[in-house]
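**Student:** Next come the chains, spelled out residue by residue.
Protein chains: 2
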Amino acid sequence: MRYLITFSYDGTNFYGYQKQPNLRTVEDELESALTYINGGVDVIIHSSGRTDRKVHAINQKAHFDLNKEIPLYKLKDALNTYTKEDIYIKNIQIVENDFHARYMVSKKEYIYKINVGEYNPFERNYVFQFNKKLDIETMQKEIKDLIGTHDFSSFANKEDKKESYIRTIYDAFIKKDEDIITITFIGDGFLKYQVRNMVGALIETSTKKRKIKEILDKKDRSSYGKIAPPEGLYLKNVEY
Amino acid sequence: MRYLITFSYDGTNFYGYQKQPNLRTVEDELESALTYINGGVDVIIHSSGRTDRKVHAINQKAHFDLNKEIPLYKLKDALNTYTKEDIYIKNIQIVENDFHARYMVSKKEYIYKINVGEYNPFERNYVFQFNKKLDIETMQKEIKDLIGTHDFSSFANKEDKKESYIRTIYDAFIKKDEDIITITFIGDGFLKYQVRNMVGALIETSTKKRKIKEILDKKDRSSYGKIAPPEGLYLKNVEY
Numbered sequence: 248m249r250y251l252i253t254f255s256y257d258g259t260n261f262y263g264y265q266k267q268p269n270l271r272t273v274e275d276e277l278e279s280a281l282t283y284i285n286g287g288v289d290v291i292i293h294s295s296g297r298t299d300r301k302v303h304a305i306n307q308k309a310h311f312d313l314n315k316e317i318p319l320y321k322l323k324d325a326l327n328t329y330t331k332e333d334i335y336i337k338n339i340q341i342v343e344n345d346f347h348a349r350y351m352v353s354k355k356e357y358i359y360k361i362n363v364g365e366y367n368p369f370e371r372n373y374v375f376q377f378n379k380k381l382d383i384e385t386m387q388k389e390i391k392d393l394i395g396t397h398d399f400s401s402f403a404n405k406e407d408k409k410e411s412y413i414r415t416i417y418d419a420f421i422k423k424d425e426d427i428i429t430i431t432f433i434g435d436g437f438l439k440y441q442v443r444n445m446v447g448a449l450i451e452t453s454t455k456k457r458k459i460k461e462i463l464d465k466k467d468r469s470s471y472g473k474i475a476p477p478e479g480l481y482l483k484n485v486e487y
Numbered sequence: 248m249r250y251l252i253t254f255s256y257d258g259t260n261f262y263g264y265q266k267q268p269n270l271r272t273v274e275d276e277l278e279s280a281l282t283y284i285n286g287g288v289d290v291i292i293h294s295s296g297r298t299d300r301k302v303h304a305i306n307q308k309a310h311f312d313l314n315k316e317i318p319l320y321k322l323k324d325a326l327n328t329y330t331k332e333d334i335y336i337k338n339i340q341i342v343e344n345d346f347h348a349r350y351m352v353s354k355k356e357y358i359y360k361i362n363v364g365e366y367n368p369f370e371r372n373y374v375f376q377f378n379k380k381l382d383i384e385t386m387q388k389e390i391k392d393l394i395g396t397h398d399f400s401s402f403a404n405k406e407d408k409k410e411s412y413i414r415t416i417y418d419a420f421i422k423k424d425e426d427i428i429t430i431t432f433i434g435d436g437f438l439k440y441q442v443r444n445m446v447g448a449l450i451e452t453s454t455k456k457r458k459i460k461e462i463l464d465k466k467d468r469s470s471y472g473k474i475a476p477p478e479g480l481y482l483k484n485v486e487y
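Chains W and P, in that order, are what the protein sequence lines are. The opening position of the first sequence corresponds to residue 248 in my numbering, with each subsequent residue numbered one higher. The opening position of the second sequence corresponds to residue 248 in my numbering, with each subsequent residue numbered one higher.
Pulled out of the complex, with its shape left as it was, chain W reads as follows (with noise of 0.2 Å):
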C-alpha cells in the first residue's frame, strides 16, 4: 500500500528535511518513527522536495509504503505520538502505486514573511526581521517580472549543478498586513536557495534600485547582494 502524508513542520530545530549523519533532521524523524511501526522494518519515506535547515513547512508532501495495511486514522495517531511536537501529521491518504510525492509535483507554493515592524520575540524563528523601509510599491511592481517561463540561473545556488535552470512561475505577488509583508510564490518547481534569492533580490530593487528584469538577463547570481535568511521561508503548498 502507497500512503501519502500531508504534515507541517516548524523548521527552528531540525538541521533541515533531509537525512544527514548525527543531525535530527525531518527525513529522519519521520522515517523512525515509520519504522518503528512498521515493526522495525525500515521504510523510505519520498518527500516532494527538500526545504533547508530553519525553512519551515505548512503543508509539506510525502509518500511511502508500508506491507500492511494500517487504518488511515490509527497511523495518523501513531506517526504523531512517534514524532516530536515540532512536526505534526495532518492528513493521510491511499495513493495508486504509481503515485511519486517528488516527481509529479504540478505545483508548489510558497510563502517568505518579513516582519518591518518593531522586534517580536515570540516571532524570532518565524519572521525576517528587516529594520530599514521597504518600498512596497516597486517590490509590487518588479515581482510581476519572475512571472512566467524564465532561466533563473541569477536565482540557483552556484554549487547546485543542474540540468536546466528553467522553471515557471504562476503567479507571484506581495501582500502587507500591519507590519508583516508576506511574499507569495506559486511554481512549477524552485531551484535550491531559489525563493530565498528572489527575496533578496527583491529587496534590493527597493533598497538598491536593482531592476528584476536585469538581474534574471544576466544569468548570474552575482549581480546582486543577500539571500534572504531562512526563517522567514514556508512551503505553503504542494499539488499533483
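What the hints contain is simulated information worked out from the structure, not anything from laboratory work. Glycine is no exception: its CB is placed at the ideal position from the N, C-alpha and C atoms.
Cβ-to-Cβ under 10 Å is the rule here; a few derived chain W residues that face chain P: (1) Tyr256; (2) Asp257; (3) Ile305; (4) Glu332; (5) Ile334; (6) Lys337; (7) Tyr366; (8) Arg371; (9) Tyr373.
On the provided structure of chain W, position chain P as indicated by the hints.
**Tutor:** Relative to the frame of chain W, chain P by itself:
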C-alpha cells in the same frame, strides 16, 4: 537615576523569571546585561513580579538604578544587544527615585490562550492545546463570578503561604477568534498559580459542570482538578 523598562519575553527557554543558581532565567539575563553595561558593577533589577517557567510576557515592567545617566535610546540598544533574542526591551523611561516596580502596581493584566482546533506545531509553545469540546457560553457566564474582591485561597498554590489571599479582579472575560479562546484577567495582583488555577477551574465548568462560586466559597484548592499548563499564559500589561 532610576529607570523603568518595559520588556517582552518568550518564556519557552527560561526557567522562569526569578534567578536560580545555574539555570537560565529572565532576571539573571537582564541583570547580567545591565551589570556589563554598568562597567561590571552589580545592578539589581526589581520587576512587577515573577512569572513561572514557560510563561510569557508581552509587557513586563522592572526598575533599576544606575549611577550614570545613559541616553535612553543607547541604553535600550545596549540592553537588546546584551540579552538573547527571546527577550526584547521595548521601552525605557526615567522615573522618580521612590518609584517601585513591584510595590506600586495598581493593575495587572494576564491573558491565557487555548487552541481548541487542530494542533499547530508553530503554536506548540504559545497556546494550551485542548482537544475536547469547550462550552464557551457556560465559561463566559461562570467567569463573571471571579470578578470582584474575594478570598482566592481556592486558586492559590498550597505551599505559597500568604498573609492574605484576598485579591480584586476588576474584569475577566473570554473571547473566541476561530479556534483560539483567549481568557483575560485584569486585577490588582494575582497569587502564585492563581491565573492558571482559575483557567483550570473554568475549563471544568464546561467539562465537569463545576461552579466557580462553589469553588471560591470552599476556599480549598482540592475542589477541582488540574492547573492549566504554563505555555498558554502571558503577562500582558502592568499599570502603576
